[in-house]
Amino acid sequence: MLTTIFAFINAAIIQGIPLLFGATGEIITEKSGNLNLGIPGIMYMGGISGIIGGYLYEHYTDNPAAWLCILVPFISSIIGSSLMALIYSFLTITLRVNQNVTGLALTTFGIGVGNFFGGSLLSFFGETGSISLITTGNYYKAKLPFADKLGLFGKTFLSLGFLAYLAIIIAIITSYMLNRTRTGLNLRAVGENPATADAAGINITKYKYLSTVIGGAIAGLGGLYFVMDYTGGAWTNNGFGDRGWLAIAIVIFAVWKPSMAILSSFLFGGLYILCVYIPGLSSSSKELINMLPYLVTILVLVVVSMRKKRENQPPAHLGLSYFREER
Amino acid sequence: MKTNEKHTREPLFHITKRSDIVWWKAWIIRAIAIISALIVCSFVIIALTKYNPIQVYKTMIEGSFGSERKIWILLQNIAMLLCISLAVTPAFKMRFWNLGAEGQVLIGGLASAACMFYFKDSIPNGLLIPIMLVASILGGVIWGVIPAFFKANWGTNESLFTLMMNYVATQPVAFFIMVWVPNGSSVMGVINQMTKSGWLPDLFGKKYLLNIIVVAVVTVIMFVYLKYSKQGYEISVVGESENTARYIGINVKKVIIRTMIISGAVCGLAGFLLVSGTNHTVSTNLAGGMGFTAIMVSWLAKFNPVVMTLTSFLIVFLQRGAGEIATAFRLNESVSDILTGIIIFFIIGCEFFINYRINKRSKKEAE
Chain E
100 MLTTIFAFIN AAIIQGIPLL FGATGEIITE KSGNLNLGIP GIMYMGGISG
150 IIGGYLYEHY TDNPAAWLCI LVPFISSIIG SSLMALIYSF LTITLRVNQN
200 VTGLALTTFG IGVGNFFGGS LLSFFGETGS ISLITTGNYY KAKLPFADKL
250 GLFGKTFLSL GFLAYLAIII AIITSYMLNR TRTGLNLRAV GENPATADAA
300 GINITKYKYL STVIGGAIAG LGGLYFVMDY TGGAWTNNGF GDRGWLAIAI
350 VIFAVWKPSM AILSSFLFGG LYILCVYIPG LSSSSKELIN MLPYLVTILV
400 LVVVSMRKKR ENQPPAHLGL SYFREER
Chain W
-3 MKTNEKHTRE PLFHITKRSD IVWWKAWIIR AIAIISALIV CSFVIIALTK
47 YNPIQVYKTM IEGSFGSERK IWILLQNIAM LLCISLAVTP AFKMRFWNLG
97 AEGQVLIGGL ASAACMFYFK DSIPNGLLIP IMLVASILGG VIWGVIPAFF
147 KANWGTNESL FTLMMNYVAT QPVAFFIMVW VPNGSSVMGV INQMTKSGWL
197 PDLFGKKYLL NIIVVAVVTV IMFVYLKYSK QGYEISVVGE SENTARYIGI
247 NVKKVIIRTM IISGAVCGLA GFLLVSGTNH TVSTNLAGGM GFTAIMVSWL
297 AKFNPVVMTL TSFLIVFLQR GAGEIATAFR LNESVSDILT GIIIFFIIGC
347 EFFINYRINK RSKKEAE
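As given, the protein sequences belong to chains E and W, one line each in that order. Here the first sequence stands for residues 100 to 426, numbered as in our numbering. Here the second sequence stands for residues -3 to 363, numbered as in our numbering.
Chain E on its own, in the form it takes in the complex (with noise of 0.2 angstroms):
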């Protein structure tokens, strides 16, 4: 019984790494005003840039080096998610394009990326079968040597690879930074009025750019997580699934605080892999148990919208472009 509960959490927390490399992406840009409904085509692209490049490295070296292993995806994943972050900053910044639209055509974008070179990236070499960068992967799923010597608590908690931690320390250190820090509290006052920040001469489209940015690479490392850590450096098409938006919806659950997200992702892992952990549950049941993520999600916005807490309110300006002469 024990070892399923662990079981069930060590499981809950692997489920939770890339949905909370998401949320932190899309909180960083959120703070600034821009609701980047692109994150899940952010986060498939942060995947294929980081298959793509390990597949390159492993394809022209004989030998590959681990850190080269680790370290050129993991490069090329952050390129990769940027790019479409700056796509997405350039047309709404820039060109005060609506958001919303703006970000689902890069989800659409993104997904096709993504699905388009996952399929045919081996053809492009003459190669066939599917993508299995099993090098990669086990350079990425590498654990800590005396995990598995300290018993369920190590088996549970310190065999994860070194991304798992890597999204935990970016989100509290986000979490800093928006608190903290100068930087953060002008971040926070773009997103919340960006004509006063700008009257007290905050530059707006620096902050905007820069948040969304990192947001975006941030994000891609879920990507990432997935396709290196997850499946071991295998792509399948569409393997990611909804968890982008699973990732957004956890902004809201966390009341866009990134200390809360931390926990919040490994409840959302918990409950997106709930019904495989439940004895007894008809194929049909289980369907329902994944709904669960969903609805609590918009429990806890609709409870948000009720109490009207100032300090839980998304921010002020969120989805809308700022334009400096329009007052």
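No false leads were mixed into what you were given.
Calculated pairs, PhoX-like style, for lysine-lysine (alpha carbon to alpha carbon, straight line, at most 25 angstroms):
1) E:K407 with W:K249
2) W:K203 with W:K66
3) W:K223 with W:K298
4) W:K356 with E:K305
5) E:K356 with E:K408
6) E:K408 with W:K249
7) W:K250 with W:K226
8) W:K116 with W:K203
9) E:K305 with W:K13
10) W:K202 with W:K116
11) E:K407 with W:K250
12) W:K89 with W:K250
The following label-pair restraints were derived from C-beta to C-beta distances:
13) W:G151 with E:D297: 19 to 27 angstroms
14) E:A299 with W:T12: 17 to 25 angstroms
15) W:F348 with E:N278: 29 to 37 angstroms
16) W:W176 with E:G228: 30 to 38 angstroms
17) W:A43 with E:H158: 14 to 22 angstroms
No wet-lab data here; the hints were simulated from the structure. Think of the CB as a built atom: it goes at the ideal place given N, C-alpha and C, for glycine as much as any other residue.
Given chain E, put chain W in place with the hints provided.
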């Protein structure tokens, strides 16, 4: 000296809002955007396939218009996308971001499928189809009005709420398919294959004609409703400024809920058409992303139902054409999503040049 210099530094460009633009100028800008999008797409195609892009575009046109059957499928796809776009339009005009069309269509379709499944032999077709229609519309309305209710009363963020409702809608569909299909498979076959009860009849021997006619009628009604009715006017006032609406005595809450009822109802209708008229079955992928594409269709057409026929044609043409490229050149079919994405980026981006004027810094100003 240095500080002085800094003081007179002016940006190279200076952006102002255009109050009005001649319609043909706006269309020239849009045409330029589409052409440059196609050029960029050509480069992408060359990079991916090394084929001549003109050849590829020819294949695309053949994919859409190649045979009579292909034209009918094209028209049917346009009709469905248009129907969902019409559904989201009144809500958008009110600045209510209904991102939940996907779910509303799905629930509508599920309601239809349920009627088909449970009443298959007990009710004659003439009665069953109206029942299905009502059930679908009701399903769509319920799914649409829940977020509207919370938005109207407590200002709950509707774009996130409706987005979540999509995924809540997916699960009951998966659930019922598992309950209905005897061996527990997650794929539902064609319902009532033999008796064809609950199937929309073919008009003049054409399978999709009835669907297309229904959507055409809805298009006209929606155009008139938005442009000439009092309620349509109220929608645009609420969209422009809620405070103005309140000031002139419009009941904003009522307008929000009423508009979302309409939006959900048309989504439900789309679900009915998809199940009863097109697929004769239901799956979690019934709307197939059209709920999201519809948002772009509606936006590109500036919420004008008549222009929407054009924009939905453009999108469907691209998707069908890109599907054809995929099979012809043995590419992954996701290439259509990439091309659609690029073209949408260009079209939505060009709106900037329609709405804003870029003034270059003149010498006089700089001095």
